[in-house]
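From the two separate chains plus the hints, produce the assembled complex.
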Amino acid sequence: MSTHSLKKHAGRRKRNTILFMFTVPALLVYTIFFMLPILGDVYLSFFKWNGGKSAAMTFVGLDNFIRLFTDDKEFVSAMWHNLVYMITVIVIQLSLALLFALILSKKLRGSSFFKTVFLLPVVLSNVTLALVWSYMFDPLNGFVNSFLETIGLSFLTHNWLGDSSTALFSIAFINAWQYVGYSMVIFIAGLLTIPESLYEAAEIDGAGRWGKFKNVTIPLLMPAIMMNVVLSTTGSLKVFDLIYVITPPGGPVSSSTEVLGTLIYKTGFTYGEMGYAAAMSLILLLIIMVVGFMQIRVFRAQELD
Amino acid sequence: MKDRLLPLQYVLLVLFSLVIFTPLAIVFFGAFKTSGELFNNPYSFPGKPVFENFKEALIQGNMLIYFKNSFIISFVSLAVILLFSTLSSYAITRQGFRMGNKIYIYFVFGIIVPSQAVMIPTYIMMARLGLVNTMWSVIIIYIATTMGFSIFILSGFFRTIPRELDEAAVIDGCNEIQAFWKVILPLCKPAVTTVLILNLLTIWNDFYNPLLYIRSEDIKTLSLGLSKYMGRYITNYPIMFAAVVMASLPVIAVFVGLQKQFVSGITAGSVKG
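Taken in sequence, the protein lines are chains A and B.
Residue numbers are given in our numbering: position 269 of the first sequence equals residue 269, and the series is strictly consecutive.
Residue numbers are given in our numbering: position 271 of the second sequence equals residue 271, and the series is strictly consecutive.
It is worth saying that the hints were derived from the structure and are not from the lab.
Hints are supplied without guarantee of correctness; some may be wrong.
Unchecked claim - In the BS3-like style, the derived pairs of lysine-lysine whose C-alpha atoms are separated by at most 30 Å in a straight line are:
#1 102/B with 238/A
#2 260/B with 238/A
#3 260/B with 106/A
Quick caveat: nothing in here was measured; it's all calculated off a predicted structure.
Isolated chain B, as found in the complex (with noise of 0.2 Å):
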């Protein structure tokens, strides 16, 4: 098509821009001033850039160790999804194994159940295990509840790849894992980046359960941190902001540089609720 933008239209785009990026950029500037420059000119650009309220935030208000624990966290997790689920997906879209679509169809089933209408029995057994105020509870979750979605994706992708491909290295003296790694895997690279940041973003702005599992200070996540600025704390917002900025900027980054691959998950994985 050749349409060119008409005037309206482009009038309505910038109009909404400016709705999504005001409040952002009010933060972002505002994490940059004093409380009191903040309070006479909260819309103008800083006068001269204050550093300390990233500092205050980092060491003061804990941040610091919550970057770290949301970190570990997401690592953590991700591994072990990745690792479980492209090796799941692997065997039920592979020929002659005939448990894979019943395998398949009872994964996707979990696309539709939200984590926290199983939050009481999970918690109970997280409690009997001795797990809760532990990382290992919301890891352990984490993994749980993102399997089906992550199969899903990377099953759908896996599918497109002959599976001669794999039965040939077979033939040719390869075991079924260093069929796997070594040939199918780096063909599904896009779908396993697809997965990784979904997840990513999913796992490092949960704060659902970590607020149901972590107590301890020292392995509060960045969610569950950046919580405490509600209310009580909230008379000095350029360190609320500070704390804010610094939360979001890798997500932010993530999702600049991989956004490709953000929109195909989106896309692909609507079924996602």
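Bound conformation, chain A alone (with noise of 0.2 Å):
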């Protein structure tokens, strides 16, 4: 080797180390406080513990994981809510998504503003959203009653957040009505990947507005479809906030709202029970890390398209 590559290797070598110490502090604070945790999780998951500082780990084996799976209704009931608020959250927002998708993605006079009074919803917070809801599914002097009373559908009026029947479905409402534009947003990428010439083609094949869409659009549409999909399952499996602040803990409706989010927090902060908080936030980390691989393999694919 000539002393003038030696050097130019010696030199690319010191610019990787450099480039390296660059990487350094994110490394650092990513290990220590979100990845390590999940080791974390896995060792405490194995211990009846308190979380006391003096207390007691008395080392229990899999005797958590028993527990929640054959001996525990409430977290089987929590999982329970999680899928019914999904499904609740998925067949209104998507569906509303794809209708505002079909309508906006055309380049239409007034389309982006549209847009922005759907997308208006995402930015605020889920205390604000929780606050505002309150008062519009309030029973005596709430907005959605006396809508239902004014346009004669009085048999309809019902107090949504504070019965145990409706809570539910009244909290997956809001999430819904607060996510429409993202999907769309999502759809609409989509759309727009669809060749022009694809639509033509199947107008000379004689498919009228119907085959178009069920021949052209859907299959096309299909990872943004997965997409939502697979973010609507993540985003209902971590909600917190609107369950937590709308029916709190120990409120009237509480336990028909309970969802893995909440009960991990009442078990390990309210109950103290560390270790089989942990159990459960693995079980949950489980159950989203197979859905997130789904996602990015369906990202991958778009990527490749």
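Listed below in structure tokens is the structure:
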């Protein structure tokens, strides 16, 4: 090797070292406060421990997991609530989002105005929405009931958030209302990738509006649909703020809206069962990771297209 | 396409706009009403706007303090997030840095993990470090939990910038930091803005971490402070509305001003859960 290339080689190594140093601060904080706690969950899940500094940590093996699936009605019903919540959100949010994406993906006068309006709730905090909608759903003064009365549907009036049979659905509705615009933007991005020529070809083949929708739009929109389904799914699994603020723990309907997030919080910080709560976290993490990896695969597939 | 809006489509759009706007309008106008006026005319414009509610919420309701705390926490977190994530993304995407891709994948993995799933160990760690009930606990959590997403967005953008550019800068006598700061970063403004907005929204609106870590009234954030209007204080809707309006105006202003970046962030980052 000539001295020149040796020098160059040494220079590149020095540069790589400097570049690596650039990543060190991010790596440290990310590893210590986000990745290591995952291992912490695994470790804690084998113990019975109330979290006290001097309290004994008793090794219990897989007992926490066995208890979760054989002997914990709260846990099972929390998972069930997550599922119901998810389905309600997906049905309302995605159908409306798709409808409006189909309309607004065309370059129409005023379409950017509507896009802005539909996206507005996305930036508001969950606590804000909890307060706004608790007023809207207020059984006595709220808009929802008085609106129903005005249009002659007074038999539908209801204590939406205060009744355990409707609270979970009402909160899911608020969630869907907030994110219609978000899903819509993802659908629009998907629709814009569909080449116009495919619609023309379908037209030549004699396809009508419905035929074009069924045979061109839906199949080619599949990545965006999947993306939205996965986002709503992970979002529904993670739901915490809305539920916690609208139906506070110990409140009249809190048991009908208990989800995994609130249950983990309660188990760890109210009941002081840190090991058991860590085991629950691990299950939640596992479900979300499975769904999340699907999401990345969808994303990769989209990138390749 | 030269499609025109069909009447039915137009009706649907207007109807849904009303569904979006009605709650927001009721709250906005309600913030300028007295309790009595809100009760009698909940859906009208305020007859004679009352500003007392805002004063009440700011002073009696401690909103002024919450505002200050949310501002400090967001500002410090975002400054560190941007510094760490731009430096890392730059390093990750430069050729010759063999570890780059592995580190990238390690960071992107974090997008999937929700911070809730690790709350128990993280809380124990913060307690051991003596950081519970300080602003540092939430600031550190925000930096750690947004790093994956920030690096994901920024790396995607940094890759599009030819590395010959910074290599040339280095040959011309810049050191690595100067090449990054003077040549690369100015070109990455759109991506940096996107990361800034999305993280600002996440942090400004977060309720969950302050609930976990912050107890004292004097370091509570807006979301945490607002949540006290639920239930116990709910009898006075106009004051609650004034608080909600004030807490939401900054994010709405940011959203309206920087909408393009917001939308590109959603589509680029739809991988974020």
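Checked hints:
1. 102/B with 238/A: holds, 28 Å
2. 260/B with 238/A: holds, 27 Å
3. 260/B with 106/A: holds, 18 Å
The structure agrees with every numbered hint stated previously.
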